[in-house]
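Based on these hints, arrange chain B on the given structure of chain A.
Chains as they are written, first to last, in the working numbering: chain A, 1 to 440; chain B, 1 to 117.
Because the hints were derived from the structure by calculation, they are not lab data. Note that CB positions come from ideal geometry on N, CA and C, so glycine has one too.
The calculated lysine-lysine pairs, modelled on PhoX-like cross-linking and capped at a C-alpha distance of 20 angstroms, are:
| no. | chain 1 | residue 1 | chain 2 | residue 2 |
| --- | --- | --- | --- | --- |
| 1 | A | Lys438 | A | Lys384 |
| 2 | A | Lys113 | B | Lys112 |
| 3 | B | Lys54 | A | Lys72 |
| 4 | B | Lys37 | A | Lys426 |
| 5 | A | Lys72 | B | Lys57 |
| 6 | A | Lys384 | A | Lys402 |
| 7 | A | Lys137 | A | Lys249 |
These stretches of chain B come out as covered by chain A in the derived footprint (C-beta under 8 angstroms, 3 or more residues):
| no. | segment |
| --- | --- |
| 8 | 25–31 |
| 9 | 58–69 |
| 10 | 107–113 |
Have a look at the derived ranges for each label pair, beta carbon to beta carbon:
| no. | chain 1 | residue 1 | chain 2 | residue 2 | range |
| --- | --- | --- | --- | --- | --- |
| 11 | B | Ile63 | A | Lys165 | 32 to 38 angstroms |
| 12 | B | Ile63 | A | Ala280 | 37 to 43 angstroms |
| 13 | B | Pro42 | A | Glu160 | 48 to 54 angstroms |
| 14 | A | Leu126 | B | Gln66 | 16 to 22 angstroms |
| 15 | A | Lys359 | B | Asp33 | 34 to 40 angstroms |
| 16 | B | Tyr86 | A | Gln150 | 29 to 35 angstroms |
These are the residues of each chain, in order.
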Amino acid sequence: MRKNILTFALLTLVAFSATAKEGHINPYWFGDSTDKSANQDDNLDSIDSFLNGVVDSTIGALNEFEDQPVAKATKNGWHLAGFQTSLGVGFSGNIGILSFGGTKIIEIDWAKKKQDKKEEDLESSLPVVTINETHTKKDLNRALDPIVRQLVETGRIKDEKEFRKNLSVVSDDFYAYTKGLSTARSNYVWRAGKIRLDLNFSPSGQIATAGPLIRLGVDIRLRLEFIRIMPEAQSADKAMADLNTRERKIARETRNLLDSLSFEVTKAYDELEKRYDMDAFGMSFKIIEVGLGMSVEGSVGVAKLKGSVVPSVFFDRHKRSSSTPVAHDKAADNETINFLVDSSDAVDKGLKDSIFKLKRKRIRKGMKKAMKFAYKFARKMHRKASRRQERMAKGKRVKMTKWIVKKIRSQYKFEVGGSIGPVKLKALPHLSLFWVNKIK
Amino acid sequence: MKKVILASMLLLAFSTSYASDEKDNLVNLIGLDENGKELNIPIKSKKWKRRMAKVFKRVGGDILPQIRSYSSNEKFAFSQFDLGLYVTMKFGLGVLDESPVSLKMKIEPYFKLFFKK
Chain A
1 MRKNILTFAL
11 LTLVAFSATA
21 KEGHINPYWF
31 GDSTDKSANQ
41 DDNLDSIDSF
51 LNGVVDSTIG
61 ALNEFEDQPV
71 AKATKNGWHL
81 AGFQTSLGVG
91 FSGNIGILSF
101 GGTKIIEIDW
111 AKKKQDKKEE
121 DLESSLPVVT
131 INETHTKKDL
141 NRALDPIVRQ
151 LVETGRIKDE
161 KEFRKNLSVV
171 SDDFYAYTKG
181 LSTARSNYVW
191 RAGKIRLDLN
201 FSPSGQIATA
211 GPLIRLGVDI
221 RLRLEFIRIM
231 PEAQSADKAM
241 ADLNTRERKI
251 ARETRNLLDS
261 LSFEVTKAYD
271 ELEKRYDMDA
281 FGMSFKIIEV
291 GLGMSVEGSV
301 GVAKLKGSVV
311 PSVFFDRHKR
321 SSSTPVAHDK
331 AADNETINFL
341 VDSSDAVDKG
351 LKDSIFKLKR
361 KRIRKGMKKA
371 MKFAYKFARK
381 MHRKASRRQE
391 RMAKGKRVKM
401 TKWIVKKIRS
411 QYKFEVGGSI
421 GPVKLKALPH
431 LSLFWVNKIK
Chain B
1 MKKVILASML
11 LLAFSTSYAS
21 DEKDNLVNLI
31 GLDENGKELN
41 IPIKSKKWKR
51 RMAKVFKRVG
61 GDILPQIRSY
71 SSNEKFAFSQ
81 FDLGLYVTMK
91 FGLGVLDESP
101 VSLKMKIEPY
111 FKLFFKK
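With the rest of the complex left out, here is chain B:
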């Protein structure tokens, strides 16, 4: 019995350090909701990467050609374009018993892209 307890506790203790070596780590998204309450939403890093890659692709496709065409306009002689973006993500929290309403939490992590000439 003692050995079982010891083995399970050691497994539990080492699981944390093992997890950190795995490639798909958890990335926490953090922010405040409208009421000033802290929001913490863990998301797998691969999922977060896919979400960012999608935004980059969209930005590249939609915005980069626009910046290029702006630069041909002599009125706007700028050499850098900063773009602040945020990603709206909704996370389902499940459905309340006997309620047709599903609970969702919204979080909007943001980042910036810099385009240069």
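The following block holds chain A by itself, in its conformation from the complex:
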């Protein structure tokens, strides 16, 4: 009898361990990067059923819309070109389609399979001012001026003076960050190539914090972008000639931060590439986005991606060349990288200021884990598409779809203690990884 009870208890435990995690992300992905006991080979099977549901319902709804007469593009060509859905993770690791009140962990962009050579870019269509290394601060202001005048003329900006004042402050800081990028090292496989700042202004000219929804016609949106075009780093003297002392400090610290991050991202990627074929399944790991910010004390560090005051820096992958340095700098392991924390967080963590110095070795481990998670998620999505095609090839009743997953963006938050994990409902992300479908 006792044996029977023991068998029952054991089997119950086995059965429940198999069922309890259904729809939950394995705790390994949230745990400390140094925890060796965690299951490092988790393949996200626990969210299979949920993802099947997301894929089937999305493709089903998009296919149904395709059959509607209104879906046909008219003479002037307007058509539904893309669909984006966001997934979130609960405090206990439960995954779901995100609703109001949470932060997205994964963003999936669906697009129509390419029918012509024109790039289907699902980026937003807000007004963009783009500069590069050849432009000066005056050029940036000159490019902004017509937009300001247009906004004032159309009556969308009520207080021109306030608007110009606030825009000038953020655009000057933005310009200083771009000078840091112009002078950053250019020979790592992963290197920063773009800085973007999305600005939201209220009609009174105040900077408005970006949210999941911008009220149509009320908030004024504008994007500042810097794209590096020169393969070699500019000299600091030349690049920073039109900066004041404060801006020079921002530029220098930005350069140092980007050099360190390029090293760490490249090294994390190199280590992961030894184990996984990162381009094997139709999705290519192309871009990393990191928030860039300034502390109260004026130091530059990795910041929360919250828009309007925090620019994003984009790292992209380049081919290895003979000038690529081998990332084996042992001394770098004990160096630190600045992370900015909110002043309330700083008090909670016992910090004296809003800067937290995180050891580079831990950042690298965290980045590796983040890349691994994104890789496994992208692989899972790809396998679902492949299985669908196989079923179609076998003549099974699967409706032909014109839609593919175009882009997957997964977001992560660094813990002040050093670990990294997919962002949970309340948390704000520091790092985004983009996987882009290679099928055009």
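For chain B alone, kept in the frame of chain A given last:
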């Protein structure tokens, strides 16, 4: 007795993997309520698909013609239109004993549509 227990436990253990192959999977909707408490509402994928299809149809019928007419206005020379949408869904939680008030939970999953020229 032992065989019955073993068979039932094996059935329970395999039911999860079997369920994942079924076409009508559960899709979880997740979010925070006004008090910052986590909300989790499982919904069948077919139901979620019907809800999305309904939104697409409505958007197509109401908004796409509007975008098309905007594009004929020379003042607005844009080539893409992003539309953020959310679906308000209420779920009944039942009626409390001896109370005329039924409990309902509201959740608003959102998504974006991109229209291009």
